[in-house]
Structures are given as structure tokens and as C-alpha cells.
Amino acid sequence: MDAAVTSVPNAGSNPAPHPAPATPAEPATAPMDAGSGGGRPRPTPGGAGRKGRRGRQGGAGPRGRARRENLAGYLFMSPWIAGFLLLTAGPMVASLYFAFTDYNLFDAPRWIGFDNFTEMFGDPRWRTSVEVTSWYVVIGTPLKLAAALGVALLLNQSRRGQGFYRAAFYAPSLVGASVSVAIVWRALFSDGAAVDRGQQFLGMEAGGWIGDPDRIIYSLVALTVWQFGAPMVIFLAGLKQVPRELYEAAEVDGAGPWRRFWSITLPMISPVLFFNVLLETIHSFQIFGSAYIIGSQGNACGPADGTLVYTCYLYIQGFENSRMGLASAMAWMLLLAVALVTAFLFWSQRRWVHYEEGAR
Amino acid sequence: MSLVRTRTGARTGAGRSAGSLAWHLGALAVLAVILYPVVWVIGGSFKPNDEIVGSLSLFPAEPVTDNYRRLADGIADIPITTFFGNSLFLAVGSVIGVVLSSSLAAYAFAKVRFAGRGLLFTAMIGTLLLPYHVLLIPQYVLFQKLELINTYTPLLIGKYLATDAFFVFLMLQFMRGLPKELDEAARLDGCGHLRTYWSIVLPLCRPALITSAIFTFINAWNDFMGPLIYLNEPEKYTVSLGLKMFVDQDGVANYGGMIAMSLVALLPVVAFFLAFQRYLIDGMATSGLKG
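From first to last, the protein sequence lines are chains W and D. Under this note's numbering, the residue at position 358 of the first sequence is numbered 358, and the numbers go up by one with no gaps. Under this note's numbering, the residue at position 56 of the second sequence is numbered 56, and the numbers go up by one with no gaps.
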């Protein structure tokens, strides 16, 4: 029994004790409830149900047990349920309502129909924020994932120092979103600093990226690519699951490294790739702190709106201009965009994500 | 360790060592890119203020400790220790909340068969992908109506109500991996769910709890948006906001103090990473595979 337990947590060199990707919907298919066919459980005939608290095998019967399970379940779930209603579901409904109102936090919200949305679409700054964010997502995420996959392939060969490199490469993911790193980034990419000197060395007299509204976004892209460690760790775990026999067989058949990568590695890790694409894309849409600090020069989010990412503009409208209604409308547009991208990814996965049969 | 038989297995000894050299060169090149900003900030924090941005050498010719000594003056008359104390309070408070509330919810999903479990699970997974910003405005309105702005309550309450689905999910996956016989045996011995949770499942879940605790600590320590929105009195500021004050106050003029404080602010995170990196990396890897 002990062996079975310890094999799960301290997996050590094998970071992925669980064999295969499982779909999130799993528990829905699990047996939901023993014996409560619907409605509230009634006391069992013979009056035994009442004293079911102690006699577990004896008088309780399935009904009493189901009721106890329900009670225990909802007691254990009560913090989560309170949090869900109070901090998630309730606010979402409120936010949807605010999106159609003019609301400054102090006067009562005033219903204005679709005016917030009309104003938003007509606002050049809003369009700038959409542009900046899209640019960041479209450039940053693929670069980051490519770096993650490339380095994961490198580290997947077992050599001395592999564990050290894995840990070292992962570390930036933990600190990358902090204000500290944003400050360092600002310094590194400013005029006359390391990156600028590097450009000069290559013969480019372009100046630092921080002062340039057109290029400051690339310092943000560089920052997200620097944090490739988290998806890399996930890729590595996926790569470890690919059966060696496949490569050996392919090699015997004369397949070169590229062929092996395209025909074996990529299909075999496509579920992990899908997960990484989904997660990183959703995260990219929500970048805030780094953009705020890196662009901070007198005003937040960039010289000439260079790092005016979507959430930055949402923050400005909501908390600097007290336009809670407009900011809510913006938040719902963000949710819609994220939902569309998520839906698209889930739709497209049928074409390129390969789930192994038998692995569930 | 079955990986020893890799693709290179069939090659000759000479080819193998050349491959090994190339591998180490590649890995070292990546390491250099990763570490450059770190080494730069360490070196920079010991440089005189006017040399920090412009000088090309990573380390100063003559190291000075001015930047660190300037930290003793605090920012806008507030001692640096205040910010660190506030951040520590929030981070530890968050850890306690997340470990307790998330493990309760995870236990219910994993071990209790209650009606509606599937529905609640779907809702939980839904919040996993929900962009936090949709809740930003209405939550602020709620806390403003409750007169809780400029307190730590808005920053902590979610942690005690298991709103971070990632940790519920992480613990849930771990609990599912525990052998069923254990809680069945506990039940036969007369343990109720509370006993089973507290005395059997929780101790066995220590790795998942540690992973969640460290991630929570780091996230709370790094958090910028929450404190930015909810705190408006400098005495209550966290380290992140203290740094922001530094940026607002000195701009590019005083990188020295800023960089020294940035480095100090990163130390707890680095310490946690060095002590628990295996838990963090395994937790990350597992979350990916089960997602």
C-alpha cells in the first residue's frame, strides 16, 4: 500500500506519473450518486435510517448513506460554492448588466443600451489596444512555444546536467511577471543599454526599444519568450511519454531526424501541444503588470500607447476615468475574444490533435 | 532512466561524444540567454548609479554598496521593511487560505459522491479558463459597497473561498491517484469524511499541498494588479507597489536603488525555487498532462 502511494508523489526523474491526457469531463461520467434516483432520499422502511449515523454497514441502507454523502459533499464544497456565487457567478451577471449602463461607481447605473459598445468600437485608442494585444499574442505566443518545444527536444536527450538545465530554464517563469523583472527589462532595453549596444555592434543606430512606441512591444515579446520554461516543462513531460520503440522502428526503416520529428514526435505530443497553445494564448491576452511597468513613463502603458495592451486600457477606463460601465463592456469583449479563440482551438483540435487509442 | 537508450545509441563512440559536446554547447547557449538579465541585475546593483544602464561590463570595476544603503532610507519616507512585511502577510495569508479551501473542494470532488457533483465540476473547470478581468470591475464595485477598499480583505477572501480553480484541480488530480482501499478501510473503521480528509487524505497529499502552497506564495508575492486596484495608502503597499512608487518617483534617474530593491524583492521567490524546484516542476508537468 505504501509503495503505491509514494510512487505517485515523488516521481523524481519521471515528472509525469499519470499516463495519458485525460479529458476534463471525466468526473461527469463517473458514477454521480449511489442510489438517489432522484428527489430527496426518504427514511428507509423500518426506521433504521435515522440511526444510520453509526451503523454504517447495518441499518442505514443506501438512501441514508446517499443523504450523508450529499450533506458531507456540500459541507466540503461550501467555501467553493460561496466563492463561486459571490466572486465569480454574481460578478459576471453584474458585469454584464454594467456593460449596458453608464456607471461611475457613485451615481446609480443608468441604462444606455449599446452605447458603450458603439463608443468602444469608434474609439481609436481602443482599436490601438486591440492591435497591440493582437500583435503581442500573435508574435509572442508562437515564438515562446517554439522556444519551449525546441529546448524541450534538446533536453529530452538524457545527458549529464539535464535536471539542472531544466530547473534553470524553468526559473524565469516564476519571476517573469513580477514588477522587479519588468524594471530590469526597462533598463536592459533603454537607450544606450545592453540591447541598444548590441544593435550598434550590428551596425544599427536605432536606439533603445523602450522610448520607441513602435518597438517597445517587442521588449514585451522578448519578456514572454524569456519565460518559455513553463510550457517547456510540460512539453518535456509529454516527450517522455513517447514510446522509444517508435523511434527505433522508424530508424530501422530509414527515417531521418526531421521525418521522425514530423511523423512521430509531433503527433504523439499533439495533446500537450494543444494544451500549451490554449493556455499560453489565453494568458497572453491577459498581460498587464509587465506592460504597465515597462511602458510606465509619466503615464502607464507606454509612450504614445506603445504598450497599451487591452487590460491596460481597461484599467485606465475603469479605475482612472471611473467608467465602470464602459470598462465592463470592454471586459466582455475580452471574454468574447478569448471564448472565440478557445472555441476555435477546440474545434481545430479534431484535425491535428492525436489521442492515442486505449489511453483514454 | 530507461532513456539511456536514445537515438544516438546506434552510433559510434566518437559520434556520441561529438553529439554530447554539441548538446552541452546548445544548452549552455540557452543558459546564457536565460541568465544574462539575472547576472546583469546582480552586477548592476553594485555599480554606481550613472554606470548602470550604459556600461557594457557585467560587473563593476569597483563595486559600491550605495544602492543598497539607499534602500535603508525607504521610499517616500516609508521604510522598505513595511512593504516586505505587507507582502509577507498577504502571501502567507493566501497560502493558508488556498491550501485549506482548495483541498476541501478537491476532497469533495474526489471522494464524496454527492448529487450535482458533475455540474459543479463543470462550473469549476469553466472558471479555470475564465479571464480574471471580467470579474475585476464588478468585484471592485462589490468591495467598494462593502467599504473594504484599502483593506487586505479583497486580496485574501478569494483565497479562502477556493476561487483559484487551478489548485483545486491540481489537488483533485492528486487525490484521484490515491488508492481507493485507503478511504474504504477508513470508512470501515468508522471514520467520517472529516476524519478521512484530515487524517488520511491530507497527509498523503503533502506533495500537492506543497506545490500549491509555493505557487500561491509566489503568485501573491508577485501580484501587481490586485494591490494596485485595492490599496491606496502607501503604508499598506506591497513590495510590487513599492517598486512602482520607485518607478513613478525617480523614473530613469535612479536605476540604482530601483534595481537593488528589485533584486531584494526577488530573493524570496528564488529561495523557494531553490528549495522546492522539484515540487514546482513536477506540479507544472502534471497539470499539463492531465489538462
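One thing to keep in mind: the hints can contain errors.
[Stated by the list, open to error] No more than 20 angstroms apart at the CA atoms, straight line, and that leaves these computed lysine to aspartate or glutamate pairs for EDC-like:
#	chain 1	residue 1	chain 2	residue 2
1	D	236	D	50
2	W	240	W	251
3	D	236	D	51
4	D	236	W	107
5	D	145	D	233
6	D	145	W	107
7	D	236	D	248
8	D	145	W	251
9	D	236	D	147
If you're looking for bench data, these hints aren't it; they were derived computationally from the structure.
Verification of the supplied hints:
1. D:236 <-> D:50: Distance of about 32 angstroms is beyond 20 angstroms: violated.
2. W:240 <-> W:251: 18 angstroms, holds
3. D:236 <-> D:51: 33 angstroms, violated
4. D:236 <-> W:107: Violated, because 28 angstroms separates the two Cα atoms, which is more than 20 angstroms.
5. D:145 <-> D:233: Given pair residue 145 of chain D, residue 233 of chain D holds - Cα atoms ~19 angstroms apart, limit 20 angstroms.
6. D:145 <-> W:107: 12 angstroms, holds
7. D:236 <-> D:248: Satisfied, since the Cα-Cα distance of roughly 17 angstroms is no more than 20 angstroms.
8. D:145 <-> W:251: Cα-Cα ~67 angstroms, so violated.
9. D:236 <-> D:147: 16 angstroms, holds
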